[in-house]
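Each residue of the first sequence is one higher than the one before, counting from 965 in the numbering used here.
Heads up, some of the hints might be wrong.
Between beta-carbon pairs, the in silico distance windows are [claimed, not checked]:
1) K1118 - K1095: 19 to 25 Å
2) G1051 - A1016: 54 to 60 Å
3) A1016 - V1158: 45 to 51 Å
4) G984 - R1152: 45 to 51 Å
5) G989 - P1153: 48 to 54 Å
6) V1109 - N1086: 25 to 31 Å
7) R1167 - G989: 44 to 50 Å
8) D1108 - R1152: 17 to 23 Å
In the BS3-like style, the derived pairs of lysine-lysine whose C-alpha atoms are separated by at most 27 Å in a straight line are [as the list claims (entries may be wrong)]:
9) K999 - K1118
10) K1056 - K1011
11) K1103 - K1040
12) K1011 - K999
Since the hints were derived computationally from the structure, they do not count as laboratory data.
Yeah, the Cβ is synthetic: ideal placement off N, Cα and C, and Gly gets one too.
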Amino acid sequence: MPELPEVETVRRDLARQVRGRSMSGAEVLNPGSLKGGGPEDLARLVKGRSFASFVRRGKYLIMMMDRGLALVVHLKMTGVIQHQSPGDPLPKAARVIFYFRDGSRLVFSDQRKFGAIEITWNPHKLASIRKMGPEPLGKGFSADVLRERLAWRKGPIKPLLLDQTVIAGLGNIYASEALHRAGILPQRPANSLVSAEIGKLHRAIVRVLKEAIAARGSSVDTYRDGQGKKGWFQVKHRVYDRQGRKCRRCGGTIVRDTYRGRGTYWCPRCQR
DNA sequence: AATCGTTCCTGATAGC
DNA sequence: TGCTATCAGGAACGAT
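Given these sequences and hints, build the entire structure.
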């Protein structure tokens, strides 16, 4: 599932590969994958335009075109966005296709149809983006900021890390991985974390995200980068999808539990 | 305001 | 073998 490191990898790939290429049109194969307008609006609006810049906010990819128009993409569970050369086979779950004048194309595919592309003139005014918490790799994110945002919260820390209004970009993989690195149990009430633990958690979040970006993301399911290739951070996971296996830090056995409909992984020996 | 359950979707897998 | 039931999960939404 694409989280911050995966979306960031795609953002960097697309900035390098498709920035400046002029479009001739677009095709919508699944109407539900498009918001903010119909298929004919998309084709008309992108014709003659090109992508000017690619911005990431949390797990959103904002594709800025020239003359102010933007496409806001959320990949959700199984979304993939990739640049293809003429003759490349179209992905089975292709939903929206952008055609460039040079014959190449940008394809949004999405097996489970949870993801979508929204056409908008004001991407930063979208409610879900406006409500979003701090960027964990941004300048404004510090241990103090994290402490402040968790101070009054009584609920368990794990679901709070998944709440995009608390902190942007973490999903099930990196929330579990960060908690393991920080030595904190997912079930711990947020307001029970002492200052030193918040500090550890802050460092763990920043480190795991940076390492995952360096490894081009985790391909546990359908995630692919902007060239359609897999990332390799999944081989470095310490808890996610490792239930029954040995903890790489203490040798304990990794546990999995379903909690509010989300798989949660942890080491009962070195997470307290 | 915070928190919880439900919903969307479909390929993979388990069970019979 | 082939069928059906269950599961995975981000986030919007409604209920409490």
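Each hint, compared with the structure:
1. The supplied range of 19 to 25 Å is met by K1118 and K1095, whose beta-carbon atoms lie about 21 Å from each other.
2. Between G1051 and A1016 the C-beta distance comes to about 27 Å, which lies outside the given range of 54 to 60 Å.
3. Taking the beta carbon of each, A1016 and V1158 are about 46 Å apart, inside 45 to 51 Å as hinted.
4. Range check, G984 to R1152: about 48 Å between beta-carbon atoms, so the 45 to 51 Å window is met.
5. Hint check: G989 to P1153, Cβ distance near 53 Å, so the stated range 48 to 54 Å holds.
6. For V1109 paired with N1086, a C-beta distance near 26 Å keeps the hint of 25 to 31 Å intact.
7. A C-beta distance of roughly 47 Å is found between R1167 and G989, which places it inside the suggested range of 44 to 50 Å.
8. Taking the beta carbon of each, D1108 and R1152 are about 19 Å apart, inside 17 to 23 Å as hinted.
9. Using a Cα cut-off of 27 Å, the hinted pair K999 and K1118 is violated, with the two alpha carbons roughly 36 Å apart.
10. Using a Cα cut-off of 27 Å, the hinted pair K1056 and K1011 holds, with the two alpha carbons roughly 25 Å apart.
11. Distance restraint check for K1103 and K1040: the Cα-Cα separation of roughly 26 Å lies within the 27 Å cut-off, and the hinted pair is therefore satisfied.
12. Distance check on the hinted pair: K1011 and K999 sit about 18 Å apart at the alpha-carbon level, within 27 Å; holds.
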